[in-house]
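**Student:** What follows is the residue order along each chain.
Protein chains: 2
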Amino acid sequence: MSVLIVGSTALDSIKTPKGENPRLLGGSASHAAVAASFFSPVKLVGVVGDDFPKAYLDLYKRHRIDLEGLQILPGKTFHWSGEYEVNMNHRRTLLTELGVFESFTPTLPKGHQASSFVLLANIAPALQHHVLDQMRRPRFVVADTMDLWLNIALNDLLRLMKRLDAFVLNDSEAHQLTKEDNAFAALKKIHRLGPKYVVIKKGSHGSILSGPKGIFICPAYPLGKVVDPTGAGDAFVGAMMGYLATAKGSIDDHIRRAMVFGSVVASFCCEGFGLQGTTRIKRAQINQRVKELERLTKF
Amino acid sequence: MSVLIVGSTALDSIKTPKGENPRLLGGSASHAAVAASFFSPVKLVGVVGDDFPKAYLDLYKRHRIDLEGLQILPGKTFHWSGEYEVNMNHRRTLLTELGVFESFTPTLPKGHQASSFVLLANIAPALQHHVLDQMRRPRFVVADTMDLWLNIALNDLLRLMKRLDAFVLNDSEAHQLTKEDNAFAALKKIHRLGPKYVVIKKGSHGSILSGPKGIFICPAYPLGKVVDPTGAGDAFVGAMMGYLATAKGSIDDHIRRAMVFGSVVASFCCEGFGLQGTTRIKRAQINQRVKELERLTKF
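As you go down the protein sequences, you meet chains A and B in turn.
So in the working numbering, the last one in the first sequence is 299, and the numbering has no gaps at all.
So in the working numbering, the last one in the second sequence is 299, and the numbering has no gaps at all.
For the record, the hints were derived by calculation from the structure and aren't laboratory data.
Do not take every clue at face value.
Identical copies look the same in the list; a pair holds intra-copy or inter-copy alike.
[Claimed, not checked] Pairs of lysine-lysine, DSS-like flavour, derived with a Cα cap of 27 Å:
#1 K202 to K291
#2 K202 to K18
#3 K225 to K15
#4 K61 to K213
#5 K298 to K189
#6 K225 to K179
#7 K248 to K298
#8 K225 to K18
#9 K282 to K61
#10 K189 to K18
#11 K213 to K225
#12 K291 to K54
#13 K110 to K248
#14 K188 to K213
#15 K202 to K179
#16 K188 to K18
#17 K188 to K225
#18 K196 to K225
Input sequences plus hints: build the corresponding full structure.
**Tutor:** Now the structure itself:
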């Protein structure tokens, strides 16, 4: 089965203590789509300007990503520029040029409306709603978010959460949303807001799932060096959804393994600037690291 | 086989957002000894003043802890008073009264000098050296430490590390020691300082072992509520050593499981003030949580 992924498609200029790279392919939907493409066909919905490099369209195509839902409009592609601190855990935004993204309305091509697996990658909750309004009974809907929407669009987000099967957020967002320092206490509160499955991402500390079958503690793949963590969270949820879309049986049968595959693809993402780490790998290398994680966590 | 545990024995007055408790039994050796006692016989070496409550001596005895090496000297017991912040991750010291601890010299009774398993719990590195100087070829020596010794006794600590089999420290101490933000990069640097096994404790994020068989990612037991984390790190390493001391076969065969047992005893420690969480449990409850952790991490 294919995964429908809606989110931002951007050019990222990223500065880290390890180096600098201008106008890389980025955005939540780009990272999630490439990650998901290792597991299942992907339909991407987003918007770019007419300055969007052909090389990046070719990159999507190499990953067999369906671009029917990618609007190419006159104007500039969304451009984000940011800088990471030495410890890679905090970043600050240097520049945000919305360009054509400012008036983006994600209109789904007819063929996309019956998709079973839907990933609402990080984007304004109002747009995430707009996508769901066009869908016909999807089987599994996941949304990611960011602190910005908790700050400026909390009501939209709270309404969205009632329409989701799964909600993914990082630990600081979970704290912001629930005022709970304890992740397990936060998970309980987030369930009450709607989603049956809640995943809290903790960066290098892994992630936690809370769902009908209880808690799953998902390890992060150990990296001795992080080049650029941008998009790792998107890669995580993208790979998770790609894996789930092709697995036979119930979500509960596969969601733990889906998260481990997400962890591994996120680890590759961190090893290069932008999408460079994710795009240079093959599925066999992903499987290899999943096997390694099995060994590293066995007791 | 028994475990020899040397460290501080103290009265702790602990304030957290959840409450306040004066003059609880505390100290690194107390927490480690009670935790180890669930698995193997323990010989405690430490010092207390003549104000030390008989109830606490009885508590040690209920855990069948050998007190031959516990000096009771005229004067006051080491008294520490501290306060935890809301998120329980940071504490500040309100008061430190060393009392008889100021001139403590850990002299080992004859029968202790041939111990196979030695835990040098948190205490000045010079005293940890002094203990090792009295030992006859121990099989497995582990030391814990704290930021204070990195600040004021770094050279003693660096010399000590060459005499250890295993070194245990928390993530902020690992950063302080190696200047590495990345835990896996830090582990490599710490191995170069001597120890064959290095364990970095990450509180609610679990712990990481690096040893001859590579990395082990050890989960923390999920707690929805932490009452008082004081001594959890000592309980972790105490239980780990207690488990190892009774396991047959090589250290490598058992150290992962030993850490998981350590994680679980540490979780009980966090559920009560001082030693209240650890002393109210039975071995069966520990086994139960270890089984649960197996389920919570399986994929």
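**Student:** What are the numbers of the hints the structure violates, in ascending order?
**Tutor:** 4 and 12
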